[in-house]
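J.: Chain residues, written in single-letter form:
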Amino acid sequence: MSNKTLPAWIDIGVIPLINVCLAFIVSGFVILLIGENPIEAVQYIITGAFGYGEGVGYTLYYTTNFIFTGLAVSVAFHAGLFNIGGEGQAYIGGLGVGLMCMSLDSFMPWWALLPFAIAAGAAFGAAWAFIPAYLQAYRGSHIVITTIMFNFIASALMVYLLVNILIEPGNMAPQTRSIVESATLPSMQELFAALGMDIENSPLNISLFLALACCVLVWLLMWHTRLGYAIRMIGFNENAAVYSGINTKRVIVITMCISGGMSAMVGINEVMGAQERVLLDFVAGAGFTGIAVSLMGRNHPVGIVIASLLFGALYQGGAELSFEISTITRDLVVVIQGLVILFCGALSLMLKPTIEKLFVKLMSSNKPKENANV
Amino acid sequence: MLTNTTSEQGNTLPPAIDLRKINKSFGPVHANKDVDLVVAKGTIHGIIGENGAGKSTLMSILYGFYEADSGEILVNGKLSSIKSSKEAINAGIGMVHQHFMLIENFTVLENVMLGAELNGFLKESKLSARQELTRLSDEFGLAVDPDAITGELAVGLQQRVEILKALYRGAEILILDEPTGVLTPQEVKQLFDILNALRARGVSVMLITHKLQEILAITDEVTVMRAGTMVASRETAKTNKEELAELMVGRKVLLQVDKEAAQPKNVLLQANNLTLKDGSGVTRLDDVSLQVHAGEIVGIAGVSGNGQTELLDVLSGIMPVQQGSIDLNGTTIDKRNVLNAKDFRHLSLGHVAEDRHRQGMVTSFSARECAIMGFQDEPEFNGKILMDNAAVTKHCEALMEEFDVRPANPHLKAANFSGGNQQKLCIAREIERKPEVLLVGQPTRGVDIGAIEFIHQQIVQLRDAGSAVLVVSVELEEVMSLCDRIIVMFEGRIVGEMPASEADAQTLGLLMGNAGSDKDDNGQVNAKGES
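Here the protein sequences come in this chain order: A and B.
At position 10 of the first sequence the residue is numbered 10 (my numbering), and the sequence of numbers has no breaks.
At position 337 of the second sequence the residue is numbered 337 (my numbering), and the sequence of numbers has no breaks.
Misleading hints may appear alongside valid ones.
Stated by the list, open to error - Computed beta-carbon distance windows for the label pairs:
| # | chain 1 | residue 1 | chain 2 | residue 2 | range |
| --- | --- | --- | --- | --- | --- |
| 1 | A | H224 | B | E497 | 15 to 21 Å |
| 2 | B | D193 | A | L349 | 43 to 49 Å |
| 3 | B | K21 | A | G28 | 45 to 51 Å |
| 4 | B | I103 | A | S364 | 17 to 23 Å |
| 5 | B | S280 | A | V159 | 54 to 60 Å |
| 6 | B | S289 | A | L157 | 52 to 58 Å |
Since the hints were made in silico from the structure, they are not lab data.
Just so we're clear, the structure is a prediction, and the values are computed from it rather than from any experiment.
Backbone N, C-alpha and C define an ideal beta-carbon position, used for all residues, glycine too.
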C-alpha cells in the first residue's frame, strides 16, 4: 500500500508553502508576545529583502552562498550521506581560493584566475571531505560524527593559520592581505555598469551565475550520468547497488568529494568576490543553513534555488528588521529562521496526512470512480 | 455476496467474528470494499487471496492496526469498536504475525508475559505466568521450555511461543498470518495438530495463507478475497484446489509446470568447496560443491536461512569468494580473482535476486531505471558523458511489452507495480540477454498465481534454449514441479540431492529439517529474510 498518492505539485509545491506560512504565523505570535506588530515586522522583512536595490543585492548575495552549500548537502544526501561538514569544507575551500588568488593575482586578471581559483577551492574542499568519506566507506565511522568534528578542526586550523601565518604584516585583524583589485570578481554593479545600467552597490558579484551553473551541473550529474545513477541507487538501496556491480565505497568517497568541492564554492563568492581576502569565519553559518535549504528544496536544484532565495531574504530582511525595530534583536531573527527550518525541515511531513486526506476527499467528490491498483 | 454460516452451531451461538460492510482506502487504493465475513465459533476459517487482495488489511483492521473507513465489527455477537491492538486483545482476539514479534534474547516466559505483567514486581508475575504457561501447554499440547532463550529455539517453536502469548492474553479468536512460510513440512504438521487442539477447545482460528493445500488440509470453511472484495465462501469439504485457484485469480490456471524432460549437456556453473563465514564468524556456507549443466534446472530446497541467500550472493559476485572457487563459463573465480556482480554479468550470468525489495530493484526508482540495474555501464545506455535516457526508456518499454508488465509505463515508480509485475520486470531484465547461466532466488515470492505460471514458463524456455538454471525456493511444491534436479541445503551444507522425478515432500522435508532432529540442534535457524 503506497501512500504516495499526491501529485507532485502538491508534494513539492503546496506543502512546503503551507509549512513556510505556518512558520511565519508562529513567528508572528512570538513578535506579538514581545509587544510589536507582526504585520509591521513582515513589512520590514519584505521591504528589507526586496524593497530596494541594495537590499535585493544583499539577498541574492546570501542566496548565492546557500545555493552552493544546499547543492553540496543534496549531492551527499542522494547517496544517503548526511554531510554536516559543509561549514568546514567551505572554510577550507575558501582558504584554497585565497591562496590561489594571492599567488597569481599580480600576474593575471580575474577571468583568467577564476578557473584556477575554482580548481584550488574545489580541491581543498574535496580534500576536507575526503577524510570523513574514506573513514565512512572503508572504516565504518559515521559520517555525521566525523564531518561535525571536521568543522571544529577546520575552525581551529583557520584561526591558527590566520593568526600566525597568513596574517597581513602590520595588521591587527587576523586576515590576509587584500587580493589585487583586478583579480577579484566583478560585482554586479560593475557588470551592470558595463551594460550601461546603474544599480546600487552590494556584495553581490558574478558568482551568482556560477551558482546557477552549478545547479544545472548537479541536475545533469544526478539524473543524466552513470555516476548520478549510482549515487542515487546507493542512497535508496545500497544492497541493490552491490547487486548491480557498483563499487559503493568508491562512489561514496567520490560523492563526498563532489559535495565538499561544491561547498568550497562559497569561497569564490566570499574570498574572491565579496571580502576580497580570507578572514575569520567568513562562512558565517552558510554551511549549516545549506542543510535546511537542501531539506526544504527536496534535494532538487530547482527547490534549492527557491529555498536559498527564501533564506537569503530572511537573512537580509531579518537584519533590516532588527535594525528598524529596536526591541526585535538579532536573536529574534534567528528564532524566525529557526522556526522556518523547524517547520520545513523537521516537521515537513507533519501536515502531509491531513492534506492527503483533504485531497482525496476533493478528488473523490469530483470523480467518484476510482482506479484501485491494489 | 453475503457469506452464510454453514456450520451447525452458527444458528445457536453468535459467530465469533462478524464483519459487516468493511471499507478501507489508502489514498485512491480501495483495499477493502464492502467486505462481509462470518467466522463461526470453534472453527478454523481460511482466508485466501493473492498478494494485495486485501487479506492483511482486513486482519489489520480486526486487530486494531488500522481503523476501517466504514463498517461494523461484531465480536461474539457484540458490536465492538477496535481502535488499537490493546482493544483487540481485550475483545479476545490474538494474532500471530508472519514475522514474529518476539524479543530474541528474552526467555520464553519473559516473552509470554511481556506487556501483560500483573504489577510492577516481576517475581509475582513470573510465578503466575509460569503456572498459566504450564496449564496452557498441557491443555493444548504446546510444549515449550519456559526458560529457553527464545532466539535459540527453532522457528516452529518460536511460533508456538507466539501462539502461547496470544492464549496467555485470553485469546479466543486467533489470527494466523501466513504461518507456514518458514516451516518445514514436519513443523507444518505439528502446527496443524496444535490448531486442531485449539479448535477442539472452542478457540476460533482464522488462517491467512496463499497456499491452497493448507487450506484444504485444515480449515472448515474458506473465504476467497480478490481485489479487495470477498468473492466467495465455501465449505472446505465441498471445494477443491482448482476451484479455489480459479476464484482467487478470476480465471482458470495451470498449477503444474508444463515442461519436457531435461536434456543436460556440459557443465556451465560449478561451485568447488565454497565456504563462507559472516562478519561474526558464523559459518554460512560449509564446503558447498555443485554443478549446473546446460539445459537443466537445478533447484535448491531448504528452510530459509540455511545458506541459500549466501550461496546466491557468492555465485553472483555480490559477496567475494572466501574459500573454494567458482567455475563460470570457463572462468575461474576465487580469492585471487575477485570479480564483482557486473563482471559476473559479463560472463553471461543472470541473477534474479531472492528479495527484490532488498536487492533486485530500487522501489524508489522508476521502472526504466530499475530495468538497467547491473547494465548501467553498457554502451547502449550511455553517450560520451551523459546517459542516453531515451535508450533507457525504450529498453524498458520493450521489456514491458515482451514480458507483459502492467501498467506498461516506464516512468512509473517501481513501488507502484504489484509484486507480480515487479518480479516480471526483474526477470525480464535478467533473461532478456539470454544468459548462459541464470540464478533465480524465490522466483515467485509475493507473486500472484497468474504471474507464477508465466514466470515458470519463461524459466523453462530459457532452459530449453540451452541455459543452465539454478533456482532457490522455499516453496517445496515449486522446487518439485519446476526443477529437474533438487539439492537440499541445511545449515550451509548440502545434505541431499536427487532427481525431481524421485523426490517427494516427505523425503525432502526430512532432509530440510536434517532428518527431523531440528529442535535443539542449533539456534541459527531463524526467520529473517522473508518479506
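J.: None of the hints should be skipped; say for each whether it holds.
T.: Going through the hints against the structure:
no., hint, result
1, A:H224 / B:E497: 15 to 21 Å, "49 Å, violated"
2, B:D193 / A:L349: 43 to 49 Å, "47 Å, holds"
3, B:K21 / A:G28: 45 to 51 Å, "47 Å, holds"
4, B:I103 / A:S364: 17 to 23 Å, "42 Å, violated"
5, B:S280 / A:V159: 54 to 60 Å, "45 Å, violated"
6, B:S289 / A:L157: 52 to 58 Å, "57 Å, holds"
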